[in-house]
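Once you've looked at the hints, dock chain B against the given chain A.
So the sequence lines, in the order shown, correspond to chains A and B. When you read off a place in the first sequence, starting at 1, and then add 16, the result is the number in the numbering used here. When you read off a place in the second sequence, starting at 1, and then add 298, the result is the number in the numbering used here.
Do not rely on the hints blindly, as some may be mistaken.
To be verified - Partial pick of chain B residues on the chain A-facing surface, computed with a CB cut under 10 Å:
#1 318
#2 429
#3 433
#4 647
As the list claims (entries may be wrong) - Pairs of lysine-lysine residues, derived as DSSO-like cross-links and limited to a Cα-Cα distance of at most 30 Å, are as follows:
#5 B:488 x A:50
#6 B:307 x B:505
#7 A:76 x B:307
#8 B:320 x B:467
#9 B:467 x B:563
#10 B:484 x B:505
#11 B:484 x A:50
#12 A:50 x B:505
#13 B:505 x B:563
#14 B:320 x A:72
#15 B:320 x B:350
#16 B:307 x B:320
#17 B:320 x B:624
#18 B:624 x B:461
Derived by calculation from the structure, the hints in this document are not laboratory data. Since the model is a prediction, treat every value here as computed from it, not as a measurement. Here a beta-carbon is modelled for each residue, glycine too, at the ideal position from N, C-alpha and C.
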Amino acid sequence: MTTITLPALIILLIFPGGLFLLASGLVYEWVDRKLVARFQNRVGPRWFQPLADMIKLLAKEEIIPTGVHPGLFVTLPVAALAAALTAALYVPMFGFTPAFSFRGDLVVTLYLLSMMTLGIGLAGANTVDRFSLVGATRTLTQLFSYEAPFLLTLLGPAIMASSWQISQINVYAHNVWWMIFTQPIGFVVALVGLMGKLEFPPFDAPEAETEIVSGALTEYSGRGLALFRIGKDVELVIGLTLVVAFYLGGLANPLEFLIKTLVLLLVMAGLQSLFARLRIDQTVGLWWRIGAVLALIQLLAIIIGRFIGRV
Amino acid sequence: MESLANQKKFIVPIGPQHPALKEPGHFEFTVDGEIITGASVRLGYVHRGIEKGTESRTWIQNLYLLERICGICSHVHALAYALGVEKLGNVDVPPRAQAIRTLVAEMERIHSHLLWLGVAAHEGGFDTLFMYTWRDRETVMDLLEGLTGNRVHYSVNVLGGVKVDVDEKQADAIRRGVDFLEERTKYYMKVVTTDETFLGRTRGVGKMTTEQADELGTVGPTGRASGLTRDIRVDAPYAAYPLYPVQVVTGTSGDLLERFIVRIKELYETYRLIRLILDKMPTGELTARIPRRIPENEAISRVEAPRGELFYFLKSNGSEMPERIKVRTPSICNWSSVINFAVGLKLADMPMVLSGMDPCFSCNDRLVVVNRPTGSQVWTWEELRQYGINYYR
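The shape of chain B in the complex, shown without the other chains:
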């Protein structure tokens, strides 16, 4: 066994199994004492082959498969897919259905942001805030359950509309819940911005300027905290967002504290939107008919997930099954914002900085092969399978 003193680098491995990680990922931090001198990330522990899986399922079956890409932002995946398929099939979705989709998407944003606030506080050792936010998050989980019947995979969408309707009783329950949550969120804002020990862990940590954020392609609240005004709900409104305009929340300083503030302010905006949608809910049908066979075409569908831009590319070949579905999730765009800024931070900061971008590992993992300019190769299914087996060996 070689002595550690003889090794040039002292590497602290985090993951794939580690108390800080709720999902598997592997990070290696080279440290000098407590200061980080190098960082690397290795993903791929929960690759499920979903993109390939979609090619052997029908358009309708894929809705259920794609909703299960992520357990936190499940609705937006189904929404992005449904919007894309409707674009391919030239179907006009009734406005009431679009409003309900938007309502559920915003409620999901509440649950996701509160979940993140708790996790980020826990990573910083502030377990009281963690317990409090997760207790209050139950409110919105219960509301979603009352509305859709499910707490996690709401399964609201069908191709061409939605399954569930909102009646006045449910709307009142949601209004009451949102009022309660708004009070609580104001309290959390106070805690996050005034608690000295918490400020000591977040202020000035992991700072990223607007230019750097732009260059690294940062999306979502992580980018908005650095001053990027990038929000699909505003830039390219989808579903019912043209009816209910959104104010972009941006920050300036780009540090960890700003990411907390931006997300909490986004919650205020979400509460306002939910009230607006409930007050001005369009009337009419919930679904439109959609053909089983989607005409041959290509479509791009973008939505704003709680973590940032979610991108779907859909290609149909005129049959019941898609030719290709490509998913680009926001977490994968944001990794560089963590790894590139790790050097110089303290080891104790890393769990918080990692969680500061709200990583979601399950939607991250994919197989990417970069071809050399000289040639391309076609892999057969068997070769692909063998590659996977060797990768995990």
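Excised from the complex, chain A in its bound form:
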């Protein structure tokens, strides 16, 4: 498989990290919103709507409410976005070789991705607004419920590839059968886990607008909100890349990346419009009673399979 390498500074700031990543985050947000809208028989936003939202939010005054720690209030969105952007460096974005890579970068990437959720939870807990506090509790509760099964499902391909390095798993996935066929349970749990991570419906209890307005981010406006939102968009792209790289036969070039991630996004948009919102206790129950058990079964199957294969 052929891969392309670029100078480090360009990778960091312009392509495929930095600007291009932000832009693609906005494009993927638009695709998601448009698809869900079409599934719901609505017209949906125009292609530049996420960009327009972002510019408008960035241009607006940022109101720091009373009762918060101002430093934390301003820093958290930046930290969350920075973590998401850093995570992109270890992932084969757009089919290119990851900019940086070392043994065990899978674990680091997953933790960097969790920083986003943690940031949102802390941001909610930092304010004194009741909706934010309830939202923060729910965000963190949800984090503890989906994180373990999601991690376990990404562990499956890692064990198969005998590596904890994302680039190596990507190469391995490219050379063998697509792991969606060899580990179907793992794929399903990973996909649903990604939806939980991104707080997409039906896992949107942490930001359920009919109950707690906007959850943990209720008090955020202007720049902080913009950074959180674009951070989430970036996380969407990275999450899709990870699942595609692991389960859908890896990524070797930009075209493959585009087709595979968009197909996955189409499936996710369909799932988003199919269900009613789960209560937070139902979410936790679902993950620990079904998600975790399924992920463990998959893991056991892989270990036993490898054992039999060796004998």
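Frame of chain A, contents of chain B only:
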């Protein structure tokens, strides 16, 4: 600023401005984590003084004012008022007019129930169902517009009859529309009763037994879902309902799911009624003459609004203007069915339970003063005005 940890109670306020509420109301839920330990409601944000307003308008002008009490069930308000005034004036309304009134009332029920289904689904985070029901609701809105010229305030009634007639072409359009809606309603029934995530949000939530529902004076589909057989269309048929008998739809379990099922089944019944009315439409005049001055008397008029019993008390003093008009809307009777059962539910259930009774805030708000047994007081207009100013301050 006092720390929240030091407060004994953690209160989640919902309203008067909140994404869950399309009309202003204020709810305070005391929560322990996600579990609700106390609930209270405060209404009165959209009090418009309509009852007082009717006393300075003529009987005919009031028809238009009272139709605007509610934007969803506008026709039944005008219908209840017109029926009451006709009772006071001893006027016999032609049967064709009564049939058309009934037809519009039933079409309004379709639009109201579909609207509610969408809103309730949205409160539960099921936006796809919300969008679908509201798209299909346009069918009945268009039919009503074709029939009356208006989508919301149909303005069908006049005192003594109706303004609009139904010709064969319109009747066919309505039949086609009803056929389409019946198909869609069957699909929604399937979604509501089989979708696992939706069932998880509705089954066993906000359960109310028949005795409790009776004790709290619950009316309409909310009460019928708990097994109360209370339907004015059957108990005291008005307009053309004696000609077109209605089957009461009741449920047993009294939870949120049952309220969905009862309302959807009521839609089936409504489709049947509309077809029956169109097939057996009486012929004849559309209006009867009614005197400008209504003789001195009192009358009570009750109709079944989409949300339950709508009650009008009318008192005339022999002049062109009424002495007193008292309106009791179904939403106000149903609040206790929500607030009394909130404790122990999850915070996430509350928007759905609230919308489960199909609240209509604009017709709720009224001034009530409870006199002590020792004495009564008479308020002048100026005192009343001052009270209002102080209340909202």
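Hints versus structure:
1. 318: Hint on residue 318 (chain B): holds, closest Cβ of chain A at ~4 Å, below 10 Å.
2. 429: Where the cut-off is 10 Å and the nearest Cβ of chain A is about 4 Å from residue 429 (chain B), the hint holds.
3. 433: Holds: closest Cβ of chain A sits about 6 Å from residue 433 (chain B), inside 10 Å.
4. 647: Given a least distance of 7 Å, the restraint on residue 647 (chain B) holds.
5. B:488 x A:50: Cα-Cα ~27 Å, so holds.
6. B:307 x B:505: 26 Å, holds
7. A:76 x B:307: Given that 30 Å is the threshold and the Cα spacing comes to 35 Å, the pair is violated.
8. B:320 x B:467: 37 Å, violated
9. B:467 x B:563: 28 Å, holds
10. B:484 x B:505: This hinted pair holds, its Cα atoms lying about 25 Å apart.
11. B:484 x A:50: Holds, at about 28 Å.
12. A:50 x B:505: Measuring from Cα to Cα gives roughly 38 Å; hence the hint is violated.
13. B:505 x B:563: Holds, at about 19 Å.
14. B:320 x A:72: 26 Å, holds
15. B:320 x B:350: Holds, because 26 Å separates the two Cα atoms, which is no more than 30 Å.
16. B:307 x B:320: Holds. Residue 307 (chain B) to residue 320 (chain B) sits at ~27 Å (cutoff 30 Å).
17. B:320 x B:624: Since the Cα atoms of residue 320 (chain B) and residue 624 (chain B) sit roughly 26 Å apart, the hinted pair holds (cutoff 30 Å).
18. B:624 x B:461: Roughly 25 Å separates the two Cα atoms, so the pair holds.
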